[in-house]
Each structure stands twice: as C-alpha cells, then as structure tokens.
Amino acid sequence: MFRLHFFQASRKTLWRIICAHRFYCTTQSSQTTPVWVLSSRVNDGVCDCCDGSDEWAGVVIPISSRLSAKIQTDLKAFQTPCPDRCKGTRR
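FYI, in the UniProt record's numbering the residues of the sequence shown are 1 to 91.
Among the clues, some could well be false.
[Said to hold, decoys possible] Just the calculated beta-carbon pair ranges, DEER-fashion:
no. : residue 1 : residue 2 : range
1   : Val59     : His21     : 16 to 26 Å
2   : Arg66     : Ala20     : 30 to 40 Å
3   : Arg41     : Arg66     : 29 to 39 Å
4   : Pro62     : Ser40     : 34 to 44 Å
5   : Ala57     : Ala77     : 30 to 40 Å
6   : Ile61     : Leu38     : 10 to 20 Å
7   : Ala69     : Ala20     : 16 to 26 Å
8   : His21     : Ile61     : 15 to 25 Å
Hints are computed from structural coordinates only; laboratory data are not their basis. What you are looking at is a predicted structure, and each value in this text was computed from that prediction instead of being measured. Quick reminder that beta carbons are idealized off the backbone N, C-alpha and C, glycines included.
Construct all of the structure, not just a fragment, from the sequences and the given hints.
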C-alpha cells in the first residue's frame, strides 16, 4: 500500500515538472490544443515551432554540420535560421 501511494505522489510530481518545462510557440495553429515543445528543445538549433519562436537566442548550427535545404524539407526538420512554415496555420 505504501508503494502505491508513493508511486501516485511521484507521478503527480513528475507531471508538474513536465508541465512547467514547456515552451509555447508564439504562432498557434487553428488546432484546439496549444502547440508546445519541451524546454530542453528550445535554442538547440532545430526549429520545432513553425515560426521559429523556440530559437530566440540566435543559435546557429555550423555550416559544416548543416543539412541541405532539400534534406531538411524531406525530413520536415529545419535548422536555424528558421524559415517561416506557418502559412495557413495562424489564428
């Protein structure tokens, strides 16, 4: 019984930590749920928000490590500087 109680308390604590470490994208889509990324993915050189608002510190991936624009488009994973991919999703 004690272990179950401890587990439930730990789950609640973990959920509070996860919720507190979210970054909400500046541009939100017309979806009903807000668009957010984990704080650990902010300023990492990868554009997670369609408007690039998660890369506000100006981190730039070195040219030697950059993927070509075609590969980024194919993977749907974009590196900084972030292109605006929010067309048709703004509310």
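Here is what the structure says about each hint:
{"no.": "1", "hint": "Val59 - His21: 16 to 26 Å", "verdict": "holds (18 Å)"}
{"no.": "2", "hint": "Arg66 - Ala20: 30 to 40 Å", "verdict": "holds (33 Å)"}
{"no.": "3", "hint": "Arg41 - Arg66: 29 to 39 Å", "verdict": "violated (18 Å)"}
{"no.": "4", "hint": "Pro62 - Ser40: 34 to 44 Å", "verdict": "violated (21 Å)"}
{"no.": "5", "hint": "Ala57 - Ala77: 30 to 40 Å", "verdict": "violated (19 Å)"}
{"no.": "6", "hint": "Ile61 - Leu38: 10 to 20 Å", "verdict": "holds (19 Å)"}
{"no.": "7", "hint": "Ala69 - Ala20: 16 to 26 Å", "verdict": "violated (35 Å)"}
{"no.": "8", "hint": "His21 - Ile61: 15 to 25 Å", "verdict": "holds (23 Å)"}
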